[in-house]
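Trainee: Single-letter residue listing:
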Amino acid sequence: MLRYLGKRFLLILPTIFVPLILVFLLLRLSPGDPAGMMLGDQATAEQIAALRNQLGLDQPIWVQFLFWIRGIVTLDLGNSIFFREPVMQIIPRYAGVTILLAVVALALAVLIGVTLGLISAMNRNKPIDRGVVTAAVLGISLPEFWFALLLIFVFAVTLRWFPVAGYNPPTAGLIAFGATIFLPALALGVRQSALMTRMMRSSMLDVLNEPYITTARAQGLPESTVIGRYAMRTAAMPVITVAGLSAGYLLGGAVTIEIIFALPGLGRMLVEAVGRRDYPLVEGGVLAISLVLAVLNLVIDLIYAILDPRIRYQ
Amino acid sequence: MTAHITPLPAETVSPGAARKTVLEVENLSLAFRNADGLLPIVTDVSFAIAEGEAVALVGESGCGKSITASAIMGIAPDNAEIAGNITLNGTVISALPPKDRRRLCGRHMGFIFQEPMTALHPTLSIGRQMTDTLRHNLGLSHKDATDRAAELLDRVGIPRARDILRGYVHELSGGMRQRVMIALAISCGPSLIIADEPTTALDVTIQAQVLDLLEDMRRELNLAMLFITHDLEVVGDFCEKAVVMYAGDVVERGFSADIVRSPAHPYARGLIDAVPAHDDGRTRLTPILGTVPPVGQWPEGCRFAPRCGRADAQCRTRPSLERHGVTDARCWHPLEDRP
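So the protein lines, in turn, are chains B and F. Take the first sequence: its letter number 307 is residue 307 in our numbering, and every next letter is one higher. Take the second sequence: its letter number 310 is residue 310 in our numbering, and every next letter is one higher.
Be careful, since some hints might not be right.
What the hints assert, rightly or not - Dumping the calculated EDC-like pairs for lysine to aspartate or glutamate here, alpha-carbon to alpha-carbon at most 20 Å:
(1) B/126 x F/78
(2) F/99 x F/78
(3) F/143 x F/154
(4) B/7 x B/308
(5) B/126 x F/36
(6) F/20 x F/154
(7) F/99 x B/46
(8) F/20 x F/215
Stated by the list, open to error - In silico negatives: residues of chain B with every beta carbon more than 10 Å from chain F:
(9) 6
(10) 15
(11) 66
(12) 73
(13) 83
(14) 104
(15) 147
(16) 150
(17) 166
(18) 178
(19) 198
(20) 210
(21) 221
(22) 259
(23) 307
(24) 309
Said to hold, decoys possible - Footprint (simulated), chain B over chain F, 3 or more residues, beta carbon under 8 Å:
(25) 130-142
(26) 231-241
Note that these hints are calculated values from the structure, not bench results. Don't be surprised by glycine CBs; every beta carbon is placed ideally from N, CA and C.
Use the sequences and the hints to build the structure in full.
Mentor: Spelled out as structure tokens, the structure:
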């Protein structure tokens, strides 16, 4: 078990560093100069050169790369060119919102997906099953910004159950936080929940044909135990895989939702930082997202190992 | 299909008439409901098993042996229409609602599957699977259930029972897996064990051990045992009686020794001739030509007729199961007794 976790942990490192290197290169290869952006149209060539020198942008790219690596190792990601404060202070402010949004969205997606998938599998080929499958196809096909606007229109504008936009941190109270996070999380999670519904349905139908389910029935176990423990235990595995993939998607795909609901999240911050050529902040943001993603994957692997003893020995 | 057969009471074929009948199956038939209507799978199956007695259900693949077993157990697929009477320890169970049928499973009837690797749960520990059954069926506490599970594993010849309880099915060898399956099936003290080809998936050396274990369990616990197999050697060695099935029909029924020595039905004869025996000086085996007709394409009359050398015009009407010599056979032209 420990060896398995150790191996998983080592596999995290490329997950974090490969995107970082790509982002580092892409930023510097793309046109646009942060010094020029910051000083505006009126700046002279000397002023720009002075600022470039101050920011280290006049160094060869490999020297910049080494500085950047040193920064990561010493946890000093430099100052944001735009905000003029340490990146390490800016990131957590925004990352918290995005992580909470993704976690709530994932929880909603799993809850909806597993429930609907199970109902669907238990009522195979009955009207309720067809209804759920149709809804799932619809859920997968609809773009989430459209769904977000629909939710805002129905629940915020018409019914006035939730605020239209804005954000209350959890410190403002659970209800205040829930009111601002629920609609964005639902809009963000609906596609994933549709995917999970389909996955849960098909994997449950597969598992119900397994001989060990017949054994459990032949041993006289009640249907609730047969489904809830014997079938769910194995049927959940593909759903967990999807949940892991969804987590990545939710973190990355939060941008649109954050903009529509005016949430101060990492996605929105990143988009703005790219526009400002704020290299340190973009790099810090990407680092934060890959870190969260890597940790999430580690958690998923851990859940695998707990649910399936065969994985621990591979 | 409408032919009437008088079910044979256990006493008339059992020498020790004092033995109590555990399972009695009368005119059992099963059909699958599909888009085209009803598709018959098994017709008019009747036999009885007394306590301590092993009865073999013999036939090629696709004869309806396993589905007969699942109908008795009450675990047949949802679209199966089942008719006929199944009586367990004097109670007619075929009329019971599914919930009550489920309660008989484990406690009164145990099932041993062909392939223990897939019949045991891959990601629940062996101990968990055994204690789930024990706790639910016998209402034992967690500790008592674990103790009993360890005893059971010990009894079926598994060393280091406590360690094995913590382990998983993929960690065991094929023989060990089947021993666990047997321990699970007998765990709640059933009076009937149905074993569906319990040795088919095992190595030859292990097969003998598992058969011995089943024999021991049958004697010690006085179990009635329904033994589904296509191996006639097993039938002769381990089962007192045999029921030979062909295309959903019982074609011959009687004591195993009689059927193996002098079968009345040409199909039973064919099965015996197709077994390589090392003591009869034959150099070539005699196969049964052709294959079992698929369900839905059974011929009218005797279903074996197209593959039978003795078939004539009379075989186009359906024979009934009648006594010929020492066994019951469903045949117009039974083979003469050849001692």
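Trainee: Quick one: which hint numbers does this structure break? Sort them smallest to largest.
Mentor: 6, 7, 20, 21, 23, 24, 26
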